[in-house]
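Visitor: Sequence:
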Amino acid sequence: MSKFTCLVLCVVAASLSSFYVRAHTPTFRDSLQPLIEACSEEYPGVTSDMVNQAAKEGNPNIIHPCFNGCVFKKAGFINEKGEYDTNSALTNLRKLVTHEEQYRKLAEIARQCTSVKDTVTDGEAGCERGARISACFLQQKDNVSL
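Residue numbering for the sequence shown is -23 to -1, 1 to 123, as defined by mature numbering (1 follows the signal peptide of the UniProt record, and there is no 0).
For the record, the hints were derived by calculation from the structure and aren't laboratory data.
Treat the hints with care, since some could be wrong.
DSSO-like mimics (lysine-lysine), calculated; alpha carbons at most 30 Å apart, straight line [as the list claims (entries may be wrong)]:
#1 K82 x K51
#2 K94 x K33
#3 K82 x K33
#4 K51 x K118
#5 K72 x K51
#6 K72 x K82
#7 K51 x K94
#8 K58 x K82
#9 K118 x K94
#10 K33 x K51
#11 K58 x K118
#12 K33 x K72
With the hints as constraints, model all of the structure from the sequences given.
Guide: So, in structure tokens, the structure goes:
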């Protein structure tokens, strides 16, 4: 009986520690928070509630596309020509995300999002590209903490 009790306690402890780690793993949004705040000053119509809602629902259309472009430009995902730069994105992602498992998952998504390199109508502005990057990342929201 005591072995069974010990086993149950170990399983409970392991479950709780797993929950604690998941609950305290920073989200991608947490990593981008200073950039989100900076872009909120440029686009005052976008609130943190809207950003959270977009992430929760997986709907980037809640947020103005130029806000997304601003965040991804500041994060180094979009270069000065308004293009998605995978190498720069991965380099800057490493600086933004310190949690190794989170970085690995986000880096894989960043590599998968090369379709956002397709031609856009706003050129260097980065608005349309930012919206595409957001949509690409949000499609993976069930696989990583956004």
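Visitor: Would you mind marking each hint as holding or not holding in the structure?
Guide: Results for each hint:
Between K82 and K51, the direct Cα distance comes to roughly 21 Å. Compliance with the 30 Å bound is thereby established for this hinted pair. Straight-line distance between C-alpha atoms of K94 and K33 comes to about 25 Å, which keeps the hinted pair within the 30 Å bound. Between K82 and K33 the CA atoms are separated by roughly 18 Å; this keeps the pair inside 30 Å, and the hint holds. This hinted pair checks out: K51 and K118 have alpha carbons roughly 21 Å apart, not beyond 30 Å.
A distance of roughly 13 Å separates the Cα atoms of K72 and K51; the hinted pair therefore holds under the 30 Å criterion. A distance of roughly 15 Å separates the Cα atoms of K72 and K82; the hinted pair therefore holds under the 30 Å criterion. Taking the CA atoms of K51 and K94, the gap is about 18 Å. The hint holds against a cut of 30 Å. At most 30 Å may separate the alpha-carbon atoms for a hinted pair to count; K58 and K82 meet this at roughly 27 Å.
At roughly 21 Å between alpha-carbon atoms, K118 and K94 fall within 30 Å of each other, so this suggested pair holds. Between the alpha carbons of K33 and K51 the distance comes to roughly 22 Å, so the proposed pair stays at or under 30 Å and holds. Annotation: proposed proximity of K58 to K118 holds, straight-line Cα distance about 28 Å (limit 30 Å). Pair hint K33 plus K72 holds up; C-alpha atoms about 24 Å apart against a cutoff of 30 Å.
Of the numbered hints listed earlier, not one is contradicted by the structure.
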